[in-house]
Amino acid sequence: MKNRLLYIMCVLATFYSCLNDPADDSVARLENDRLVLTLNSNWNAGERADIARKYNIDTLLMESIFSGITSLPDSVGWKIEKRGKKYIEISSFPGEGEFELQTSDDFMLLDMDWQKAEPYADKPVEKVGINMLADDEALSFMDSVVTFKLKSFKNAEEVYLSGSFNSWSTMSIPMNKVSGDGIGNTWWQVSIPLEPGKYTYKYIVDGSWKIDPDNKLKEREEGRGVVSMLYVPVKIFELAGYNNARKVVLTGNFINWKKSGIEMKRSGNKWVLPLFLRNGTWSYKFIADGKWVADPSNPDTREDAFGNLNSFISIGDKYYFSLKGYTDAEKVVLSGSFNNWSTNELVMRREEGKFKIEISLDPGNWEYKFIVDGRWITDPDNPYTTGSGDYLNSLAVLRPSYIFVLEGNSGAETVMVTGNFNNWDPGSYRMVKEGNLWKLPLHLKPGKCLYKFIVDGKWILDPDNENWEENEYGTGNSVLWVERP
Amino acid sequence: MINIAAAALLFLSSISDQRASERSSTDGIPPGSDLLVIPLKNAGRLFMIEAEIDNEKGNLIFDTGAGELVLNTTYFRKYLSKNAPESRGITGSVGKTASIRTENMNISGLRFSGVQAKLSDLSHIENRRGVKVLGLIGFGLLRNYEVVIDAVNNELLLYRINSKGERASESNLFRSDHTQKFVEINNIVFVSGQVDGKVLRFCLDTGAETNVIDRYSPKTVLETFTIERSTSLSGASSARADVLVGTMNDFRLGNNQFRNMQTIITSLNTMSEAYGIEMDGMLGYDFFISGTICINFIKKQFDIQINRKEQR
Numbered sequence: 001m002k003n004r005l006l007y008i009m010c011v012l013a014t015f016y017s018c019l020n021d022p023a024d025d026s027v028a029r030l031e032n033d034r035l036v037l038t039l040n041s042n043w044n045a046g047e048r049a050d051i052a053r054k055y056n057i058d059t060l061l062m063e064s065i066f067s068g069i070t071s072l073p074d075s076v077g078w079k080i081e082k083r084g085k086k087y088i089e090i091s092s093f094p095g096e097g098e099f100e101l102q103t104s105d106d107f108m109l110l111d112m113d114w115q116k117a118e119p120y121a122d123k124p125v126e127k128v129g130i131n132m133l134a135d136d137e138a139l140s141f142m143d144s145v146v147t148f149k150l151k152s153f154k155n156a157e158e159v160y161l162s163g164s165f166n167s168w169s170t171m172s173i174p175m176n177k178v179s180g181d182g183i184g185n186t187w188w189q190v191s192i193p194l195e196p197g198k199y200t201y202k203y204i205v206d207g208s209w210k211i212d213p214d215n216k217l218k219e220r221e222e223g224r225g226v227v228s229m230l231y232v233p234v235k236i237f238e239l240a241g242y243n244n245a246r247k248v249v250l251t252g253n254f255i256n257w258k259k260s261g262i263e264m265k266r267s268g269n270k271w272v273l274p275l276f277l278r279n280g281t282w283s284y285k286f287i288a289d290g291k292w293v294a295d296p297s298n299p300d301t302r303e304d305a306f307g308n309l310n311s312f313i314s315i316g317d318k319y320y321f322s323l324k325g326y327t328d329a330e331k332v333v334l335s336g337s338f339n340n341w342s343t344n345e346l347v348m349r350r351e352e353g354k355f356k357i358e359i360s361l362d363p364g365n366w367e368y369k370f371i372v373d374g375r376w377i378t379d380p381d382n383p384y385t386t387g388s389g390d391y392l393n394s395l396a397v398l399r400p401s402y403i404f405v406l407e408g409n410s411g412a413e414t415v416m417v418t419g420n421f422n423n424w425d426p427g428s429y430r431m432v433k434e435g436n437l438w439k440l441p442l443h444l445k446p447g448k449c450l451y452k453f454i455v456d457g458k459w460i461l462d463p464d465n466e467n468w469e470e471n472e473y474g475t476g477n478s479v480l481w482v483e484r485p
Numbered sequence: 001m002i003n004i005a006a007a008a009l010l011f012l013s014s015i016s017d018q019r020a021s022e023r024s025s026t027d028g029i030p031p032g033s034d035l036l037v038i039p040l041k042n043a044g045r046l047f048m049i050e051a052e053i054d055n056e057k058g059n060l061i062f063d064t065g066a067g068e069l070v071l072n073t074t075y076f077r078k079y080l081s082k083n084a085p086e087s088r089g090i091t092g093s094v095g096k097t098a099s100i101r102t103e104n105m106n107i108s109g110l111r112f113s114g115v116q117a118k119l120s121d122l123s124h125i126e127n128r129r130g131v132k133v134l135g136l137i138g139f140g141l142l143r144n145y146e147v148v149i150d151a152v153n154n155e156l157l158l159y160r161i162n163s164k165g166e167r168a169s170e171s172n173l174f175r176s177d178h179t180q181k182f183v184e185i186n187n188i189v190f191v192s193g194q195v196d197g198k199v200l201r202f203c204l205d206t207g208a209e210t211n212v213i214d215r216y217s218p219k220t221v222l223e224t225f226t227i228e229r230s231t232s233l234s235g236a237s238s239a240r241a242d243v244l245v246g247t248m249n250d251f252r253l254g255n256n257q258f259r260n261m262q263t264i265i266t267s268l269n270t271m272s273e274a275y276g277i278e279m280d281g282m283l284g285y286d287f288f289i290s291g292t293i294c295i296n297f298i299k300k301q302f303d304i305q306i307n308r309k310e311q312r
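Taken in sequence, the protein lines are chains A and B.
With this note's numbering applied, the first sequence covers 1 to 485.
With this note's numbering applied, the second sequence covers 1 to 312.
It is worth saying that the hints were derived from the structure and are not from the lab.
We put the beta carbon where it would ideally sit given N, CA and C, even for glycine.
Treat the hints with care, as some may be off.
To be verified - Below, a list of computed lysine-lysine pairs in the DSSO-like style, where the Cα atoms sit at most 30 Å apart:
#	chain 1	residue 1	chain 2	residue 2
1	B	K78	A	K458
2	B	K57	A	K198
3	A	K291	A	K258
4	B	K57	A	K439
5	A	K54	B	K219
6	A	K439	A	K324
7	B	K57	A	K149
8	A	K85	B	K219
9	A	K445	B	K78
10	B	K57	A	K177
11	B	K219	A	K82
12	B	K57	A	K210
13	A	K318	A	K291
14	B	K219	A	K86
15	B	K57	A	K79
16	B	K78	A	K439
17	A	K285	A	K318
18	A	K445	B	K57
Said to hold, decoys possible - Have a look at the derived ranges for each label pair, beta carbon to beta carbon:
#	chain 1	residue 1	chain 2	residue 2	range
19	B	I185	A	Y87	24 to 34 Å
20	A	G184	B	P31	23 to 33 Å
21	B	I185	A	I130	55 to 65 Å
22	A	P446	B	L80	46 to 56 Å
23	A	S26	B	I185	50 to 60 Å
24	A	I211	B	I185	32 to 42 Å
25	B	Q180	A	G364	55 to 65 Å
26	A	P446	B	E103	44 to 54 Å
The following block holds chain B by itself, in its conformation from the complex (with noise of 0.2 Å):
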């Protein structure tokens, strides 16, 4: 899944910066830890979190394409009205424009009181994976934390960490094969990599089930991807849209090299536009579970631990 609606959302999201100060002392990890570890579920290529949401329980998908906090209608839209649709009348775009305020979050142990999250309708996710949806979950709520994500043992590790950025109890544990400060918008973290030499910006969305390169890459850029197929995307209504298929080869963050991600190709125009910045690509599930990756929002600091097993 690709997230766009996160770019829909992100023009609302100094409410954000401004939740932020109205949050409780006993939000976040539980007070006296420095360190939550949030185990994940995979559904498919998507990273799933259990959460508890004001007695409804299920699954947030950890998707740092979405700047904001989505919550699916099917379970929410009891904050917004009590109509049924015969009487209000669907034009399938409910929950666009949509803002609830939650009263109780429990996610694995991260807590939060009065969030404010938007509403949209992922049903079609839901019923394509079998899986309840409560919503989405990107590093909006996460960014006071140092987010170490570890797809390769389903955990994400949020550490506590002072204004500096520096975590409260050091931990050896991770050794970073690369760092660079990344770029944010609006909670969402862009990072630069090489594919032939060239310095492209990715997105990093672990809501993205593959990578995605912008098929106006330079040329020498898409010479050294493999085409394999056209296909297409549906998407929730009757939009589609046919992309190539390929695998990236030469995708390299500094000195590390990564082989044989799968890949799309298709135009990032208007995720660019929507977003607010220009971007080259996406990466999505091959890259995350290529290494172990963290993210520090005060030093705006990316790095990865690069699992060997993965690379050759």
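Here chain A stands alone, though its shape is the one from the complex (with noise of 0.2 Å):
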């Protein structure tokens, strides 16, 4: 299938070109070791603009061959070899070495466009998904713990599970052979904490890609061919009663209110449908046989502008801000990397002597200060701070990956930890003194983490990590990986 597809794409691709090109098939030929381009009169800018670029000829000296001049200098590297009304041949000659692979090098990079690859990036999810399995038990979610069971392949001697959860890992998740339904079924089963989301995944039998066979939900990922696809929800739906409905579905903006729904499964006294969404507020109600009701088990409820009232959640970490003392100030606002540095946006509630906000964050390091009646302060209960005099800001690290440490340096003044996570910014992130050590955790996304120390202004390897690599300057950057949480 892969192959069909990678053919499809490929063909596409030609035909697509030839839509676009006709000539292009005919425009570069090998001649006596020159490079031959027949280059059409007729061309419109565009088109001799994309020749000059595919061709790597300056853009100048693609205008000035169309302008009717019959010979080139040397210098340029390209001849006029033909001048008709219709078309012009152009040559060059790729001097010795040039279009020669070198040795110098170890290795040689094909730095071309349709090679870029970035395995780390993440894919926009989708607003809303649910699961569809063939087998209910094939998953199975408590809390945050999936458990996956594989019924099939019980010959097998060694079962991996591997997929976008551990990088495509061959040999980080072995399953277990387990026989523990008292009527001698054996199956292959493991457990593993996932936070919601989507996730694509294969199981491996004895070295070979499978995909799930009791799972429906599937994709095609490029260099993996179809894997299989789950969501790990965030909430349980739950309406409890109508017993007697035929039919309850939840709708929501999620699903632009669409009035079928998706439809909730009966368990005991409740109808139950557990649910990924993504991070954000979101309002939903229940039909059940097309009576429309809000979720009576959520108190936040609200009206609409025709005065419907709806069910509301919200997905995704809350975090709390708080100033203690100020017991005279006005206002105090919270201000930050966050919201662009509104001045005005997030107003801090009084409350028991406090400045106090809740507002949802994604998970990373953000910069905030408050403005209390105007005067930007830092927050006094948090050591971690970025920047330097009057920006010298506040460092809020939501769901740290990483805690940078290095030992000694006790005499030191300032330690500060710089990397490719924030641009190789040499003031940015300062490290706290904790007895012998100076630390600082940092959120850092999955994949490889170059960075350095800077002591009192001298740059340093870690001295506790052996793996480091080469740089532009010979001095190193230490190397570390960071797995996906």
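Join the two chains into one complex using the hints; note that each chain is given alone, in its own frame.
See below:
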């Protein structure tokens, strides 16, 4: 199947390029060691520019060729061979060594656009997701733990689980052979903690990649062929009662209030639906045999413009910011990199002698300050800061994925950590002294992290990390790999 | 990636034969098994094999253009010296001649102890792909097995064979569409193919993300190519080379024609010199996804079962 797709893509690409550029096939040829291009006098500026780009010809040179001149200076590397009414033939001789793979490097990488691969680029996730299992036991969800159960391949010797959650590692999640139902059945099983979200996976059965035969959700991934897909639900919607209802569905703004909704299942004396929803605030209602019902178990209901009462739910991490003291202050505003340093958006409320606010934020390293009656201050209760002087800000690290630690250097005044995660800005992430250690937790994206410490202005490798690679200054960068959470 | 390091390393390859005799009896595929299936992973047009080498976990690029095991300096320079770069003076050439001995390797079930490897700075590949690259593995460590490369299903199969090159247990799954004896130089395999009826020699290189044809090939050979554009190859340091990108339309193995394979056109003079064999081209990614390939070093035999969906 994968090949068919690749083939079709190739054919389509060729077909598409033919449509756009009918003359392209005949533009270039190799002749007696020279690259010969046949240019069509009728080409418009766009077509000329396209060929200039493809064959690395200076656009000004291209224009002068089309202007009617009969010869070009040797230095430009191109020669006009023939000039007819309709066609101009130009050629270049790639000199010795020029079109040659050199052995001066250990490796040559083909720097071509079609090669670009971004294994860690997160795909935009759908607003809503629901699993479709052929066998309800194939995947089960308890709190944030997912249990994968594979009933096929009973005679296999080894089965591994591999997916987007472990960067498609082929060795990190072995499955266990289980025989626990008392009637002699065996199956493969493993439980792993997974955050709500969309994931793709496959099983590796004695070395061979297999999709989950009991999961109907599949998609195609470049280089992996067909993969199984699952959603770890963020919430189980429940509607108690309605025992005599024939059909109960959930609808909401996440599916544009479609009346057909998403069907719920009867479980005991309630209707249930485990559902994945993307971070955000969502409104919803149940429809039981055509009757619209707000969620009786959810006190957060709001009226819409037509006077209908809808239930509301917010998905995503919420964070509390608070400021003690300043009892005389009239107005305190939270401002930070998460809201483009807006000075009036997030007004904090006064509560029990503190100013407080709760906001939803994505995991990350956020800078912020409080504005107390117009005066900007850092958070007195947060030891982590970035920048300096007027640009000294507090740093909120939400869901840290790594703690940088540097031992010793007790006499140092400032120790910073910098790397590819902050574009090597030397002044942003300040480490905090704790006993004999300098520490800073940071949220780092999964993947390769290059970093260095700066001790009182001197850049050093992490002395406790043996892994480092060369850099352009000949001083090396420390290397660490951040796993997916 | 076209692996030129391999060439430089070839000259040291006598070590590999010596090494074979040093290997312990538990080396290789699990005892008692006649077949090991290793799952391959893709990073763009590269094939990766997961591995753990002396407690360092990551991936090896399956690169049959590399005669020797090559390991990434980033993770294995600790075997050389503990010196930090400031005190050593970096010239950028570290690793080209450095050789280390690993203790334990587990390459997705294929185990070795005490294997010698060359060090090379592979950080540019890692940074480009975002994948942890421990090194490169070619046929060097696999030559005692019959090796089946099934790039379509992302599997590498290693069959145990006897001294005559026969599989310990027969499997009927592979039906060869074309068979030929290959030429081998230091674990690198060269096969004969035809373009425009002319017999040309190609290096089998799973580490080449695209096929390559020598620009000094006969004119009638090059005429069968569609030339699409010119582009640059960038190397690890500052080296760049301009190449032409085109499509190979008329490659044949026996009666089997392969169409539409992306190919770069460039001079292979220096490469041929380094490998010590005149070669006309390299077969890379587009070739490997067009069939299942079987390599037997004892019989010196190359077989391919063509993926029919791929060919028309």
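To see whether the hints hold, each was checked on the structure:
Taken as a hint, the K78/B and K458/A pair is honoured in the structure, with Cα atoms around 24 Å apart against an allowance of 30 Å. Distance check on the hinted pair: K57/B and K198/A sit about 26 Å apart at the alpha-carbon level, within 30 Å; holds. For the proposed pair K291/A and K258/A, the alpha carbon gap of about 14 Å is at most 30 Å, so the pair holds. Restraint check for K57/B and K439/A: the C-alpha separation of about 26 Å stays at or below 30 Å, so the hint holds.
Between K54/A and K219/B the CA atoms are separated by roughly 22 Å; this keeps the pair inside 30 Å, and the hint holds. About 25 Å separates the Cα atoms of K439/A and K324/A, which keeps this hinted pair within 30 Å; it holds. Between K57/B and K149/A, the direct Cα distance comes to roughly 27 Å. Compliance with the 30 Å bound is thereby established for this hinted pair. For the suggested pair K85/A and K219/B, the alpha carbons sit about 28 Å apart, so the restraint of at most 30 Å is met.
Proposed proximity of K445/A and K78/B is supported: the alpha carbons are some 27 Å apart, at most 30 Å. Proximity of K57/B to K177/A is assessed by CA-CA distance (about 25 Å); at most 30 Å being required, the pair is judged to hold. Our distance criterion of 30 Å between C-alpha atoms is met by K219/B and K82/A, whose separation comes to about 21 Å. A threshold of 30 Å between alpha carbons decides the hint, and for K57/B with K210/A the separation of about 23 Å falls inside it, so the pair holds.
Of the pairs offered as hints, the one joining K318/A and K291/A is violated, with about 33 Å between alpha carbons and a cut-off of 30 Å exceeded. At roughly 26 Å between alpha-carbon atoms, K219/B and K86/A fall within 30 Å of each other, so this suggested pair holds. Restraint check for K57/B and K79/A: the C-alpha separation of about 54 Å exceeds 30 Å, so the hint is violated. Distance check on the hinted pair: K78/B and K439/A sit about 25 Å apart at the alpha-carbon level, within 30 Å; holds.
Restraint check for K285/A and K318/A: the C-alpha separation of about 24 Å stays at or below 30 Å, so the hint holds. Distance check on the hinted pair: K445/A and K57/B sit about 19 Å apart at the alpha-carbon level, within 30 Å; holds. A beta carbon spacing of about 46 Å between I185/B and Y87/A contradicts the range 24 to 34 Å that was offered as a hint. Between G184/A and P31/B, the C-beta spacing of about 30 Å keeps the proposed range 23 to 33 Å intact.
Evaluation of the 55 to 65 Å hint for I185/B and I130/A yields a pass: the beta carbon distance comes to about 57 Å. Under the hint 46 to 56 Å, the C-beta atoms of P446/A and L80/B, about 30 Å apart, miss the expected range. One distance hint, 50 to 60 Å for the beta-carbon pair S26/A and I185/B, is violated here, with the actual separation near 39 Å. With their beta carbons about 41 Å apart, I211/A and I185/B fall inside the hinted range of 32 to 42 Å.
The hinted window of 55 to 65 Å between Q180/B and G364/A holds, with their beta carbons roughly 57 Å apart. Taking 44 to 54 Å as the suggested C-beta distance range, the pair P446/A and E103/B does not conform, at roughly 29 Å.
Violation of the numbered hints given earlier is confined to hints 13, 15, 19, 22, 23 and 26; the remaining hints are satisfied by the structure.
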